[in-house]
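Participant: Add chain P to chain L, keeping to what the hints say.
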Amino acid sequence: MNEDSFFSNDWMETQRKYWDSWIAMNRKAMGQEGGSHTAPWESALDHWWTAISPAAPGASKQFMERMMDQGKAFFKMAETFLPSAGGDTDAWSALSKSLEEMQKGFAGSFGGAGEGQTALHRMLAFWELPYDNWQRMASSMSPVPGDFLRNMPHDGMQEHVDRLLSAPGLGYTREEQGAYQDLMRRNLDYQKALQEYAGFYSKLGVKAVERMRAYMQDLIKSGKTIDSARAIYDDWVNCCEAVYAEEVGTTAYAEIHGKLVNAQMALKQRMAIMVDEQLGGMNMPTRSEIRTLQERVHEGRRENKRLARELKALKAQVEALVSGQPAAPAVGTPRAALIAGPAAAAPKPPAAVKPVSK
Amino acid sequence: MIPIDIRPDKLTQEMMDYTRKLGKGMENLLNADKIDAGVSPKHAVYKEDKLVLYRYDTPEGVTPQPVPLLIVYALVNRPYMTDIQEDRSTIKGLLKTGQDVYLIDWGYPDGADRCLTLDDYLNGYLDRCVDYICEAHGLPAINILGICQGGVFSLMYTSMHQDKVKNLVTMVTPVDFQTPGNLLSNWVQHMDIDLAVDTMGNVPGELLNWTFLSLKPFALAGQKYVNMVDVLEDADKVKNFLRMEKWIFDSPDQAGETFRQFSKDFYQKNGLINGGVVIGEHEINLKNLTCPLLNVYALQDHLVPPAASRPMKDLVGSTDYTENAFPGGHIGIYVSGKAQKEVTPAIGKWLNDRS
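Read top to bottom, the protein sequences are chains L and P. First residue of the first sequence: 2, per this note's numbering; consecutive thereafter. First residue of the second sequence: 13, per this note's numbering; consecutive thereafter.
The hints are simulated quantities; they were obtained by calculation from the structure and are not laboratory data. Values in this document were obtained by computation on a predicted structure and should not be read as measured data. Be aware that one or more of the hints could be misleading.
[Said to hold, decoys possible] 20 Å max Cα-Cα, derived DMTMM-like pairs, lysine to aspartate or glutamate:
#, chain 1, residue 1, chain 2, residue 2
1, L, LYS306, P, ASP61
2, P, LYS236, L, ASP70
3, P, LYS22, L, ASP228
4, P, LYS104, P, GLU354
5, P, LYS36, L, GLU66
6, L, LYS73, P, ASP21
7, L, LYS62, P, ASP246
8, L, LYS62, P, ASP45
9, L, LYS306, P, ASP21
10, P, LYS276, L, GLU256
11, P, LYS236, L, GLU256
[To be verified] Sample of chain P residues facing chain L (criterion: CB under 10 Å; computed from the structure):
#, residue
12, GLY193
13, PHE230
14, LYS361
The beta carbon of each residue, even a glycine, is placed where N, CA and C say it ideally should be.
Next comes chain L alone, as it looks inside the complex (with noise of 0.2 Å):
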């Protein structure tokens, strides 16, 4: 694979001319969004992801698009400042209009903005990084693809939810009418403590854009500049996580953590037993089956190893008799054990196992 491949010059051309008329475009009528544009490199990056990535290899394909991903983010981030290049006796008016959109952008830009709605929505997509990595997460814990609570509706079906929730069960299947009504009833928590664990990040974003904002004011009074797209992307990392590192140590987040975890878990919990349900119908184990069992044996194990290692004790013992040796303490034999004699090396019963709740 050679580079000329990848990138010619006419992309490469064509790439800055694009550039050139963005910022021409945006002297015009400053603030003026862009999205329906698409930059030609990363039109060409794509285009050519999608030739070659078949044949990359899981782990080395994954780790590309992070790469791919990243480099997106930071030419984006690089993009919306352009409009302020340029030395204009407004360019910081421009560069203001800039913040200001971003911080726009947080204020929606999680749960749900649609892709390429907006020039800067690659870029704040940066921002969705924890909140995406908890969608992984989620996702590697759920039994159907992607968290698909994310975008189920919500704001809309509350009333209605909570009206069919408040309906009693009647007749034969009652139970499993409650069972169903907590399992929406978990679903709504769920997905309320979500939407306040992306709130909490739409927040953390606008505040990210203000501490960029006074790095910059500081910039200008220290006569300093940004020139490289990699800079403005480091700085703009270095902004969020101080931001980030803050606001996440505080009590306000630990409480939205615990919500969102105990939210996910109280679900998760209503489902297995569901599960379990439907498996005992079907004559097959349960998970609560196989946990007891799992118990059992593992008791029994564990007595079978505190066994072996006292009769162990004792054979050193016995020996060390019949040899007229004195005894030397076994390693490993418990030494109350020892001094005490045999009755002392007797099991203890086993430890009491908590039962699992539901």
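Facilitator: Showing chain P alone in chain L's frame:
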């Protein structure tokens, strides 16, 4: 004057460089061999359930010390971090100083291991490994090196079985789990640990990965990959990066009952400071730990900040207590070039002076 001066031609050039590196990097990634983990020769000497106790081969020309050293790693992540590549290996460094090194690989717990408790790990598996080594060498006590959570295990184990531990080394080991700025501890405070463990059984490695990435999400899940582009053209560096990447995401599930007790007793109740930790039939009192103790911590550690480790001095009963502060991070203390030159030789010397 405005603080941003990015010209289109310069930006285009920057993009050109980035994409060229990506293209070259793709070649290196496609050509990368299978990523190996653990480079020093070793052999299994004892197995129990999923646990394997390894003994590392003594390098030619080195006379091993009479008292062997057992490395106790954490349950989270995998122990090959200590032997990740030829020129970045804590184990290799320890072998060079004459240590006869053993290492416990706890394995990957599955559903059948859900009921394993801290008592099973410490007074069961760990104790039997210590017994095995003591018997094999005809010694009443050995040296132990505990790492991170494995350090906490080692402290507790020694406090329960002081007669079997001659010298103890702890690396990046917390004793105070609620120091200011401890994000992990903060996040766990409002979590219903019982609900989580009862629901999940074992705690998935993915959940731990998410938690650790969340400590610095922009740097660890974003910026790191941009920085990586700069070294993609170097095939060796790509391989080293992939090796580290493999380790970061190679997180075994945690046995549910152990996770329950560890999270509640340490992160929620700060049990080594406040007391009340009970392992099997033992109430943990670190004052029972009286052997020489070397505590190695990292000054830029975001997981176990120095303030979380330093109180160890006042908690233990050792009169021979030494601290070694390394100017690096939680991982750098094992893999950085500086650590190979400073940390490992210092541990080896400290042990040799006392063995």
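Participant: Could you tell me which of the numbered hints above are not met by this structure, giving the numbers in increasing order?
Facilitator: 9, 11, 14
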